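Undergrad: Sequence:
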Amino acid sequence: MITGFEFPQVRKTSSFVFWNRTRIYVMVLTLICLTFMQMNTLTLNFTVICMDDIVEDFHMFHNSTETHWFERSTEKSLLFSGVAIGGLIGLVPSVPQISSIGLRNTQTISGFISGLGSFLFPLAVSVGFYTSFLCRVLQGIGAAVLFTAVGVVPGVWAPKSEANTFMSILACAFQLSNVICMPVSGLLCESAVGWRSIYYISGAITFVLYTVFWFTYTDDPKLHRNVSQKELRKISTGKVEKIKEPVPYFAVSTDPTVIISWISLFGGNMGFYVLCIYGPTYLREVLKFDVKETGFLTALPFILSAIAKFSAGRISDKLTGLSERARFVFFASIFQIGLVAGLVVMAFTTNRVIAQIAFNFAIVSSGLNIMGVVKCVQLRCLQHVHYTLTVMSFTAYASQFLSPTLVSIICPNYTNEQWKTFFLVISGLIVACNAGFPFLARSDAAGYTKKQEPTVKC
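The opening position of the sequence shown corresponds to residue 1 in our numbering, with each subsequent residue numbered one higher.
Zero decoy hints are in this set.
Computed list of lysine-lysine pairs in DSS-like fashion (alpha-carbon distance at most 27 Å, straight line):
| no. | residue 1 | residue 2 |
| --- | --- | --- |
| 1 | Lys230 | Lys318 |
| 2 | Lys160 | Lys230 |
| 3 | Lys288 | Lys420 |
| 4 | Lys288 | Lys76 |
| 5 | Lys318 | Lys234 |
| 6 | Lys318 | Lys160 |
| 7 | Lys450 | Lys160 |
| 8 | Lys222 | Lys234 |
| 9 | Lys420 | Lys76 |
| 10 | Lys222 | Lys450 |
Think of the hints as simulated: they come from the structure by calculation, not from any bench. Here the structure is a predicted model, which means the values were calculated and not measured.
Just need the whole structure built from these sequences, with the hints factored in.
TA: Structure (structure tokens):
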């Protein structure tokens, strides 16, 4: 039914309604919250190159030649994988949690867990490896709901005509977290306050943001006191009514559109997270940039990617002459071609400028996938999209878990030749995972999204 949701004509509303733009406040607040949640998982990717003081202090105070745990590659790889392990743990209860207590409560709990993992990390490092690993797991548990929120919030708060723009802006959290984290980390690492301050600042801000989120976000615009009747009508008009019922896990999981979307995103995430996790290391160890340069050069492509992602959302909303399917297949194709092209150029060039341009191009292209695969499952699964997105989060964490393992196998010494092999392997994986998407993906709502009438026995 497309006539719009029914809602009460008389509602208790505040005298201040954000000029009938409360949804914009909700979007900006959610974006900032998701950005710091993601940032907490990324900080180690940069600070790992400026944490040598913990090794020096260990040898100085203990007067020992014993190898510190931070000097061993196995422990470092496990620290990187800790977020993925935490994410996988956090994903297990997330679907029933959202169904029972709502996204507001689920995301607030996750935000506080994420902030705790960041704030305690410097202390954990001074205690030992296991406490450090535990904090990384907490950061991962906190961020487990991130991808789901990007897909669910626009479906609830955005008018139909603004849905793509809304989703593309929220998805910029993945880019903005890098934009903030990398240059700030570069500056603080070489300042008097040192790398530990990054974790304290990020953790404290996360606590404040999610306190504000809990008090000012609602899971339904009808329940928000600052949403005017005029804005509520704008948000609700033209939407397909979503039937509240248990998730049909088997039906969703065996839908060919959903399966190919999961596979496609797994391949894309392998490319994206390789660049996120090992971008600073590649720029520092292979291209020989210093710490400050590495921070700003790592942030640059994510700034460009956020701009491209926002533009893609606006363009998608304006391309009303094309079908929804044509639009998301187009953006998915651009994402795949751009990401693979960037990785291949990085594999074959030794020129710093060309490699930096290719790195930027690959990151920018990766940002377009939100308007491809994610938009596809949002249209296909409707009220069950939170389950689909949760599995997509699983593939993302699987990618983060596998990336350090592949790097340790293929690039043990971080040589140019080893990075070349690695980038080509990832490029081939992306192509293989995305090849079937244009042929199998559908935009029409699946049968399992419609109300199931009970069968009557004669």
